[in-house]
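*Asks:* Starting from the known structure of chain U, fit chain W onto it as the hints suggest.
Chain by chain, the residues:
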Amino acid sequence: MLDRVRRDVERNALRARNGVKLVAGVDRPGVGQTPKDVVWQRGRTQLWHYRNDLDTYGGVRYGPPLLIVFSLVSRSYILDLTPGNSFVEQLLKAGFDVYLLDWGEPDERDAENRLEDYVDDYIPAGIDRVLELSGADEVNLFGYCFGGNLTLLYAAHHPDAPLRSLTVLATPVDFRHMGPLADVFAVGGMDVDSVIGDDGNVPPSIVVQGFRALTPTAEVTRYVTLWERLWNDEYVASYQAMTGWSDDHVPFPGAAARETAEMLVRRNGMVTDRLTVGGDPVHLGDIRVPFLTVRANRDHIVPPDATAPLIDLVGSPDKHELPLDAGHMGLVVGRTAAKTTVPTIIDFVRRRSDPLDGADSAQEA
Amino acid sequence: MTGPLWRQAFDAAERAVAPRAEDLVRSEYFSLATAVVRRARTVAGRSVQGLSARAWHLVNLPAGSDISRLRAQIGSLDREVRRLTIALEQERRRAAGRAGSPRPTTTPTTEDSDADGAQPADGARPRPARRRAQRPARP
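Sequence lines, in order, name chains U and W. Here the first sequence is numbered in our numbering, starting from 1 and rising by one per residue. Here the second sequence is numbered in our numbering, starting from 1001 and rising by one per residue.
FYI, nobody ran anything at the bench for these hints, they're computed from the structure. Be aware that one or more of the hints could be misleading.
Under 10 Å between C-beta atoms, here's a sample of chain W residues computed to sit facing chain U [unchecked claim]:
1. Trp1006
2. Arg1007
3. Ala1018
4. Ala1021
5. Val1025
6. Phe1030
7. Leu1032
8. Ser1047
9. Arg1082
10. Arg1083
11. Glu1089
12. Gln1090
What the simulated footprint calls covered on chain W by chain U, stretch by stretch (three residues with Cβ under 8 Å from a Cβ of chain U suffice, anywhere in the stretch; the number is not a length) [claimed, not checked]:
13. 1038-1045
14. 1055-1063
Don't be surprised by glycine CBs; every beta carbon is placed ideally from N, CA and C.
Isolated chain U (complex conformation) (with noise of 0.2 Å):
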């Protein structure tokens, strides 16, 4: 019983101080951390290459490398959340080159990008530009939730794209099953215009506040589940690092957003196969690369049903599905991630790699 109060004391105690620091904003965990240069830009969009030391990552040993494109309305840093817990540290790790497309903060200059600018021009220049520094012919790309589908764009509509493979995560394709974010324009007819900002995007608080929709009571179990482990420094780290990426959304470019509301949500275009890109039609049947797709079967913001059709939809001859026991988050961060996820993709990607010298014996040794 005497211990019970003590610890309740000491418990206590801790939560004070934790929620001190959460209040004031102190001790956020450092996201985003592993060394990176810019290494081509335009715009707001900037191309990442992450640095594989020898000493630190033990060096680039497979070819050709990896693109990751990542998703338009949210902060690329969760796959480089902490050091530790780094989808991006682990592929460094495994001995990939990795580089990442980032879609900056979009303002008023972004609003008329469509969606033929990120799977047209941004893209392929971006690859371009990994073909020139790396000196490879191809690279696989990596395409994280509405990445996804921006890569699924990419490879139909340029069936002689220099990818040795294409891998996406959490990309939804039958945008039915996309819940209240999707009904409220696929159902209740709203016009993507009544929630365009000032600066011609859909804002952030819109996005967090279609994501919140999604399931009504998170908000408040996250707020309790937060006081009663608030003693816990590493749940509180945690917490930091996960809440602080999940309400930290960029503007959505108002030109793409409509055109996702009528070709991907009304249209059900990827699913129904009328996708237009810069006019002309795209069949996601064209894609023809090795392909994986990654869903996770408690994914709230990208809900099971929504991904479970693509597997079926690309025309790949050599294609696989991992359905994951994770949220939407968990793919790339957290122990499913480091376990699972992230070791099984590094598998697939491996295979249709090729060893750079030296790395068989490296392997062995």
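*Replies:* Chain W in isolation, oriented as in the chain U frame:
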């Protein structure tokens, strides 16, 4: 069931409420209601904006909507320039490739001159990349 009593009570309540709340937000009624509320807010906002614009125009001053229109036009122009620059960059690469240069180099533009030197994204000093030669792709 583990955890303190208050947590168990909360979890029980949450289990009872959550499915109903989720059903509600996934209902057609919710989508329609959200769309109607949004539309009403937009109409109201535009009416107020129209009135204030008229007031500013009366004294020969630009209104917020004029500035928004200008910003949109600048944005559109910026996009065109970006797209043209990328197209030009791609064309230069292709031309360099056709000319037989094994490693085409990008002609630096203002932005390239910043990026080509590999700026450290995290403020640290850039280090030379340690990369081994890649084997040709498998047939």
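*Asks:* Quick check on the hint: Arg1082(W) CB to chain U CB, less than 10 Å?
*Replies:* Hint holds; Arg1082(W) Cβ to chain U Cβ min 5 Å, cut 10 Å.
*Asks:* Can the hint on Ala1018(W) be confirmed by a CB-to-CB distance to chain U that is less than 10 Å?
*Replies:* 4 Å, holds
*Asks:* Within the region 1055-1063 of chain W, is the number of residues with a Cβ closer than 8 Å to a Cβ of chain U three or more?
*Replies:* With 0 residues closer than 8 Å to chain U, the region 1055-1063 of chain W misses the three-residue bar; violated.
*Asks:* Between the region 1038-1045 of chain W and chain U, see if three or more residues pass the 8 Å beta-carbon test, and mark the coverage as holds or violated.
*Replies:* holds (count 4)
*Asks:* Against chain U, with CB atoms and a cut of 10 Å, does the hint on Ser1047(W) hold up?
*Replies:* 14 Å, violated
*Asks:* Quick check on Gln1090(W) please, does its C-beta sit within 10 Å of some C-beta on chain U?
*Replies:* 6 Å, holds
*Asks:* Does the closest beta carbon of chain U sit nearer than 10 Å to the beta carbon of Arg1007(W)?
*Replies:* Cβ of Arg1007(W) sits 6 Å from chain U, so the hint holds.
*Asks:* Given Trp1006(W) as an interface hint, is the shortest Cβ-Cβ distance to chain U below 10 Å?
*Replies:* Result: holds, 9 Å to nearest chain U Cβ.
*Asks:* The hint names Leu1032(W) as touching chain U; please verify it with the least Cβ-Cβ distance against 10 Å.
*Replies:* Since the shortest Cβ distance to chain U is 5 Å, the answer is holds.
*Asks:* Can you verify the interface hint for Ala1021(W): is its Cβ closer than 10 Å to any Cβ in chain U?
*Replies:* 4 Å, holds
*Asks:* Can Glu1089(W) be said to touch chain U, with a Cβ gap under 10 Å?
*Replies:* 6 Å, holds
*Asks:* Classify the hint on Phe1030(W) as holds or violated, based on whether any CB of chain U lies nearer than 10 Å to its CB.
*Replies:* It holds, given that the least Cβ distance between Phe1030(W) and chain U is near 6 Å, below 10 Å.
The earlier numbered hints that this structure contradicts are 8, 14.
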